[in-house]
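Following the hints, put chain D in place on chain P, whose structure we already have.
In order, the protein sequences belong to chains P and D. The first sequence begins at 175 in our numbering and counts up by one. The second sequence begins at 222 in our numbering and counts up by one.
Calculated directly from the structure, the hints in this document are not laboratory data. Here the structure is a predicted model, which is why all the values come from computation and not from measurement. Worth double-checking, as some hints may not be accurate.
[Stated by the list, open to error] 30 Å max Cα-Cα, derived DSS-like pairs, lysine-lysine:
#1 P:Lys227 to D:Lys412
#2 D:Lys470 to D:Lys231
#3 D:Lys552 to P:Lys357
#4 D:Lys605 to P:Lys232
#5 P:Lys357 to D:Lys605
#6 P:Lys227 to D:Lys231
#7 D:Lys631 to P:Lys262
#8 D:Lys405 to P:Lys357
#9 P:Lys316 to D:Lys405
#10 D:Lys631 to P:Lys241
#11 P:Lys241 to D:Lys412
#12 D:Lys470 to P:Lys357
#13 D:Lys412 to P:Lys177
#14 D:Lys605 to P:Lys302
#15 D:Lys605 to P:Lys227
#16 P:Lys357 to P:Lys400
#17 P:Lys549 to D:Lys292
#18 P:Lys262 to D:Lys530
#19 P:Lys241 to D:Lys605
#20 P:Lys232 to D:Lys254
#21 D:Lys552 to P:Lys311
#22 D:Lys502 to D:Lys631
#23 D:Lys405 to P:Lys241
#24 P:Lys549 to D:Lys424
#25 D:Lys269 to P:Lys232
#26 P:Lys241 to P:Lys262
#27 D:Lys292 to P:Lys232
#28 D:Lys530 to P:Lys241
#29 P:Lys549 to D:Lys405
#30 P:Lys262 to D:Lys231
#31 D:Lys469 to D:Lys292
#32 P:Lys262 to D:Lys412
#33 D:Lys292 to P:Lys311
#34 D:Lys269 to P:Lys241
#35 P:Lys317 to D:Lys405
#36 P:Lys428 to P:Lys454
#37 D:Lys292 to P:Lys366
#38 D:Lys412 to P:Lys232
#39 D:Lys424 to P:Lys241
#40 P:Lys317 to P:Lys449
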Amino acid sequence: MAKIILNNQEVETREGIPVLQAALEAGLNVPHYCYHPGLSVVASCRLCLMEMKMPHPKTGELGWAPKLMPSCQTPVRDGMEVRFDSDKVHENQERCMEFFLLNHPLDCPVCDQAGECHLQDYSYHFGKSESRMVDQKHVTPKKDVGPRTLLYSDRCVMCSRCVRFCDEVAGTGELCITNRGSKAEIDAFPGKPLDNPMQGNVVDICPVGCLLDKDFLFQQRVWFLKSADSICTGCSTGCSIRIDQNEDHVHRLKPRFNPRVNQWWMCDEGRFGFKYIHDKNRLTRLRLRRGESFESFRWESLAETVRYRFENIAKKQSDKKIAVVLSPFLACEEAWLLVKTIREIAPNATLILGPVPTVEQDERFPVGATNGDTKFIIRKEKCPNRNGIELIIKHFGGNTETFDAFVEQASAGEYAAAWISGGYPTEWVSKDFAKAAGKIPFKVVHDLFGSALTDEATLVVPACSFAERDGTFVNATGVVQPFARAIKPPQGCKRDGQFFYELAELEGLYQSPTVLGMMAAEIDEFKEVYVPPQLPEHQH
Amino acid sequence: MSEYEKVLLKNVGKPNSRQLATYVEGGGYSGAKRALEQTPDDVIDVVKRANLRGRGGAGFPAGVKWSFLPKDREVTYLCVNADESEPPTFSNRVLMEEDPHQLLEGILIAGYATQATVAYLYMRAEFTEQYHIMQVALDEAYNAGYFGKNIQGSGYNLECYIHRGAGAYVCGEETGLIESLEGKRGWPRIKPPFPAIQGAFGKPTVVNNVETLANLPHIINRGADWFLGIGPEGSSGPKLFCISGAVKKPGCYEGAMDFSVRELIESDRFGGGMRNGLKVKAVMPGGISMGILTADELDMKMDFSDPAKYGLLGLGTASAIVIDDRTDIRKVLRNVARFFAHESCGQCTQCREGTSWMYKMTNRVERGLGRLQDIELLGEIPAKMGMMPGLSICGLSDGAAFAIRTIVEKFRSELEDYVRSENDDAVRIALEIAN
Chain P
175 MAKIILNNQE VETREGIPVL QAALEAGLNV PHYCYHPGLS VVASCRLCLM
225 EMKMPHPKTG ELGWAPKLMP SCQTPVRDGM EVRFDSDKVH ENQERCMEFF
275 LLNHPLDCPV CDQAGECHLQ DYSYHFGKSE SRMVDQKHVT PKKDVGPRTL
325 LYSDRCVMCS RCVRFCDEVA GTGELCITNR GSKAEIDAFP GKPLDNPMQG
375 NVVDICPVGC LLDKDFLFQQ RVWFLKSADS ICTGCSTGCS IRIDQNEDHV
425 HRLKPRFNPR VNQWWMCDEG RFGFKYIHDK NRLTRLRLRR GESFESFRWE
475 SLAETVRYRF ENIAKKQSDK KIAVVLSPFL ACEEAWLLVK TIREIAPNAT
525 LILGPVPTVE QDERFPVGAT NGDTKFIIRK EKCPNRNGIE LIIKHFGGNT
575 ETFDAFVEQA SAGEYAAAWI SGGYPTEWVS KDFAKAAGKI PFKVVHDLFG
625 SALTDEATLV VPACSFAERD GTFVNATGVV QPFARAIKPP QGCKRDGQFF
675 YELAELEGLY QSPTVLGMMA AEIDEFKEVY VPPQLPEHQH
Chain D
222 MSEYEKVLLK NVGKPNSRQL ATYVEGGGYS GAKRALEQTP DDVIDVVKRA
272 NLRGRGGAGF PAGVKWSFLP KDREVTYLCV NADESEPPTF SNRVLMEEDP
322 HQLLEGILIA GYATQATVAY LYMRAEFTEQ YHIMQVALDE AYNAGYFGKN
372 IQGSGYNLEC YIHRGAGAYV CGEETGLIES LEGKRGWPRI KPPFPAIQGA
422 FGKPTVVNNV ETLANLPHII NRGADWFLGI GPEGSSGPKL FCISGAVKKP
472 GCYEGAMDFS VRELIESDRF GGGMRNGLKV KAVMPGGISM GILTADELDM
522 KMDFSDPAKY GLLGLGTASA IVIDDRTDIR KVLRNVARFF AHESCGQCTQ
572 CREGTSWMYK MTNRVERGLG RLQDIELLGE IPAKMGMMPG LSICGLSDGA
622 AFAIRTIVEK FRSELEDYVR SENDDAVRIA LEIAN
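Looking at chain P on its own, in the form it has when it is part of the complex (with noise of 0.2 Å):
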């Protein structure tokens, strides 16, 4: 810990993290664009430089440097003193907005980044209402730098960011500068189009319009968007991401700061995997098998056929075992809520944890990475809550089965019953699957997509996707991380959740704490959530 005077008052901080980061924290408006925490400083936007008190080289007096200092690049001491709110420090802040101005298009009617621009909003609280320059301004390229990025270079304010990404998180070094002076620009290298799993954070962390994702360009104003903090369900990494959504429609995916899982980053994957929730293919009617075909059924009467039939089962064949296939897709809340109820059903009931889609190996960034210098890890394992459910299931105990010992079993007809919680965002009944659950005389299908499986259930439920569902995941390293709904669920559907709080006759209304705090009654590892601290604007 390190005491700091800053603008006259004491502030407490940490021993060396940069000046300008503990001002920021303490609540200051420090103007910025060239620092970034995950970056390595380069201190050469010159915009958050500060007044600061240093001994005279010859008296050896305490007192005020004639030099300003760069903020990013001086690191905090014990005992020192700055200050941001001089004369001398604003002058230069108005005077580097003109600058950055003098050669910036005025374009942010049509700009996307408007509304959440940094050089709009330093503009307005430290810069002037008019420009001196009536020079032509310099007019440079809008460019393609990659598959899913453009980059308008006439609004670039030379931060360097972008670069620094590249270079030192993603570790692909695609972007440079090239040329010199005002006519510097950002470009990708020749031949080498921005194109990385993690190429998505330059448009996060570009301050201005210049770095633009095609996926959202021109699909909302910003200041149209609402957003809700949810987890990624790309890989069990579980990035903290921001849901920003318009009308019930996701238009994109943020990542949020989060010093224990994804720091300021996320990949494309996530970002961009999230398109399945508005498929038009998606279930979205509770349906009731009747001989060959399917007839409507009504919400209202579901929990109570649900529990009548798995009870009836339970009775009079007791022979013969039920099953609750657990996707890795539920959060803890619903698997818990399930398994709660089919076990006071059917105390027998057999636990098995969903397939858990897998690629071959992690990938690790920057690229060649190893355990020591990552920064950033995109998991082998597709799914958000493998270890939650795996929890839940030991939590449990009793009959539990591997998904490949119950697909066997099941061929050999010793299952009754089943309920088959799904949500998966790609097709992942087997075929083997489809042709062993075709053994399992009454089978619930819960899914987001329909199947051989669908096809084949006595009851079909209609999934709702993790952004309009709310709850806790666990990620692969085990951190307990509560995500909240951003969206209504089409139209038919039903939360989850809601649908699993009725199931086990709990009344009102499902909410995600309630539950997880009768959770963490039983099982220790709820006890602690994890919530990353909230940022205000303009601060990382």
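Below, chain D alone, put in the same frame as chain P:
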């Protein structure tokens, strides 16, 4: 102006002055041999006592620079700054073209003093012929055992490589040079860490100018007191001066730092007076980035301390451009602004945007489309850009600021007269077209 016997340029004009044999015949490499017999600290001590100030522009004492190296270092690199790109400076070029072994001997001495293992001679891209001259000389020196392993039986090893730049003014800044040497974009680094702690390839590094190193053999041979005896206190030792412009004898000359700009122009030893009866209108005495003098300020002494009294940044490279009375000051201003806008590396906002804005304005002023506000701004931007220290990573913005600010301040009435005589409508229409 005292009598002066040439030291640095004494071999210039000798037949075969580039060859090792000629150099050794004239007493060459005796300084290096003498240095190798002493301890490195002794060598540093002599250079410190001689108060050899860096000839590259900033005038920082070389011996003091060396002593910043950490004591427990394992590897040290010596970078020789031959990226001579300050207009109108060409003294390093003369040293390398005419007497390459003098520089190589200086490199050997500096390398030994700092216990460097590798010396890099960083030459600007435009030095093509000079590069070949240096390479031939270096090969000769290697063959004669002045570089490589166990130099002259002393047990000291020094490798020397010539590295050619890619053509940027800013690579003359020592950390820009190091970045460029490492194969990166020539962007000056933020300090600390200073090169003496973490320089080229992350190792302790010393960067010295060509002329500074060329002085070393003579200091070792003749001693610190000899060096201190030349020129005034604080500005001792032999110095090269370049003079160009409308003088009778433009060129590179050697002298002590004990004469004025007027003498540099008028004296037969140097410029030999103005050509064709032209009169001096202005002089940029230290390279363009130090600022400008009017015809009334020619009494400024060409030493390290006097330029500040005339509002200049420093002595710089002691290379003067003499501007005659036919010259339109607007053209000078535009030319200077163009240079800095072209050479600004683009890292720091003030320098990147300020220089290009000033170039746009001076361009318009030169075309007869200036406004009084432009003159006002041309005074204000540099005053805020480089005069307030700490606003940029390196000194380029200070140089740009001094060059433009002094021209605008000292020739303000002339600039304003031009602007006032212009047709207001033409200015207005031109600006409308521009936007």
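Hint by hint, here is what the structure shows:
Proximity of Lys227 of chain P to Lys412 of chain D is assessed by CA-CA distance (about 18 Å); at most 30 Å being required, the pair is judged to hold. A distance of roughly 19 Å separates the Cα atoms of Lys470 of chain D and Lys231 of chain D; the hinted pair therefore holds under the 30 Å criterion. A C-alpha spacing of about 23 Å is found between Lys552 of chain D and Lys357 of chain P, which places the hinted pair at or below 30 Å, so the restraint holds. Proximity of Lys605 of chain D to Lys232 of chain P is assessed by CA-CA distance (about 26 Å); at most 30 Å being required, the pair is judged to hold.
Under the criterion of a C-alpha separation no larger than 30 Å, the hint pairing Lys357 of chain P with Lys605 of chain D is consistent with the structure, at around 22 Å. Distance restraint check for Lys227 of chain P and Lys231 of chain D: the Cα-Cα separation of roughly 51 Å exceeds the 30 Å cut-off, and the hinted pair is therefore not satisfied. Restraint check for Lys631 of chain D and Lys262 of chain P: satisfied, since their Cα atoms lie roughly 26 Å apart, inside the 30 Å limit. For the hint pairing Lys405 of chain D with Lys357 of chain P, the CA-to-CA distance comes to about 19 Å; that is within 30 Å, so the pair holds.
Among the hinted pairs, Lys316 of chain P with Lys405 of chain D is consistent with the structure: their alpha-carbon atoms are about 25 Å apart, no more than 30 Å. For the hint linking Lys631 of chain D to Lys241 of chain P, the alpha-carbon distance of about 26 Å falls within 30 Å, and the restraint holds. A hinted pair counts as satisfied when its Cα atoms are at most 30 Å apart, and Lys241 of chain P with Lys412 of chain D qualifies at roughly 14 Å. Between Lys470 of chain D and Lys357 of chain P the CA atoms are separated by roughly 39 Å; this puts the pair beyond 30 Å, and the hint is violated.
With a C-alpha separation of about 24 Å, the suggested pairing of Lys412 of chain D with Lys177 of chain P holds against the 30 Å cut-off. A C-alpha spacing of about 16 Å is found between Lys605 of chain D and Lys302 of chain P, which places the hinted pair at or below 30 Å, so the restraint holds. Restraint check for Lys605 of chain D and Lys227 of chain P: satisfied, since their Cα atoms lie roughly 21 Å apart, inside the 30 Å limit. At most 30 Å may separate the alpha-carbon atoms for a hinted pair to count; Lys357 of chain P and Lys400 of chain P exceed this at roughly 38 Å.
For the suggested pair Lys549 of chain P and Lys292 of chain D, the alpha carbons sit about 35 Å apart, so the restraint of at most 30 Å is broken. Under the criterion of a C-alpha separation no larger than 30 Å, the hint pairing Lys262 of chain P with Lys530 of chain D is consistent with the structure, at around 26 Å. Distance restraint check for Lys241 of chain P and Lys605 of chain D: the Cα-Cα separation of roughly 13 Å lies within the 30 Å cut-off, and the hinted pair is therefore satisfied. Straight-line distance between C-alpha atoms of Lys232 of chain P and Lys254 of chain D comes to about 40 Å, which puts the hinted pair past the 30 Å bound.
Only pairs whose Cα atoms come within 30 Å are accepted, and Lys552 of chain D paired with Lys311 of chain P is accepted, the gap being roughly 22 Å. Annotation: proposed proximity of Lys502 of chain D to Lys631 of chain D holds, straight-line Cα distance about 11 Å (limit 30 Å). Between Lys405 of chain D and Lys241 of chain P the CA atoms are separated by roughly 29 Å; this keeps the pair inside 30 Å, and the hint holds. Using a Cα cut-off of 30 Å, the hinted pair Lys549 of chain P and Lys424 of chain D holds, with the two alpha carbons roughly 26 Å apart.
Between Lys269 of chain D and Lys232 of chain P the alpha-carbon distance is near 21 Å, which keeps this suggested pair within the 30 Å criterion. Only pairs whose Cα atoms come within 30 Å are accepted, and Lys241 of chain P paired with Lys262 of chain P is accepted, the gap being roughly 10 Å. For a cut-off of 30 Å, the pair hint linking Lys292 of chain D to Lys232 of chain P stands: about 26 Å separates their Cα positions. Note on Lys530 of chain D and Lys241 of chain P: the hinted pairing holds, with a Cα-Cα distance of about 21 Å set against a maximum of 30 Å.
Between Lys549 of chain P and Lys405 of chain D, the direct Cα distance comes to roughly 24 Å. Compliance with the 30 Å bound is thereby established for this hinted pair. With a C-alpha separation of about 51 Å, the suggested pairing of Lys262 of chain P with Lys231 of chain D is violated against the 30 Å cut-off. Proposed proximity of Lys469 of chain D and Lys292 of chain D is contradicted: the alpha carbons are some 51 Å apart, above 30 Å. Distance hint between Lys262 of chain P and Lys412 of chain D is fulfilled; the C-alpha atoms sit about 22 Å from each other, no more than 30 Å.
For the given pair, Lys292 of chain D sits about 52 Å from Lys311 of chain P by alpha-carbon distance, which is inconsistent with the 30 Å threshold. For a cut-off of 30 Å, the pair hint linking Lys269 of chain D to Lys241 of chain P stands: about 28 Å separates their Cα positions. About 24 Å separates the Cα atoms of Lys317 of chain P and Lys405 of chain D, which keeps this hinted pair within 30 Å; it holds. Among the hinted pairs, Lys428 of chain P with Lys454 of chain P is consistent with the structure: their alpha-carbon atoms are about 24 Å apart, no more than 30 Å.
The hinted pair formed by Lys292 of chain D and Lys366 of chain P fails the criterion: a straight-line CA distance of about 45 Å is larger than 30 Å. Restraint check: the Cα-Cα separation between Lys412 of chain D and Lys232 of chain P comes to about 22 Å, which is no more than 30 Å; the hinted pair holds. At most 30 Å may separate the alpha-carbon atoms for a hinted pair to count; Lys424 of chain D and Lys241 of chain P meet this at roughly 28 Å. Among the hinted pairs, Lys317 of chain P with Lys449 of chain P is consistent with the structure: their alpha-carbon atoms are about 26 Å apart, no more than 30 Å.
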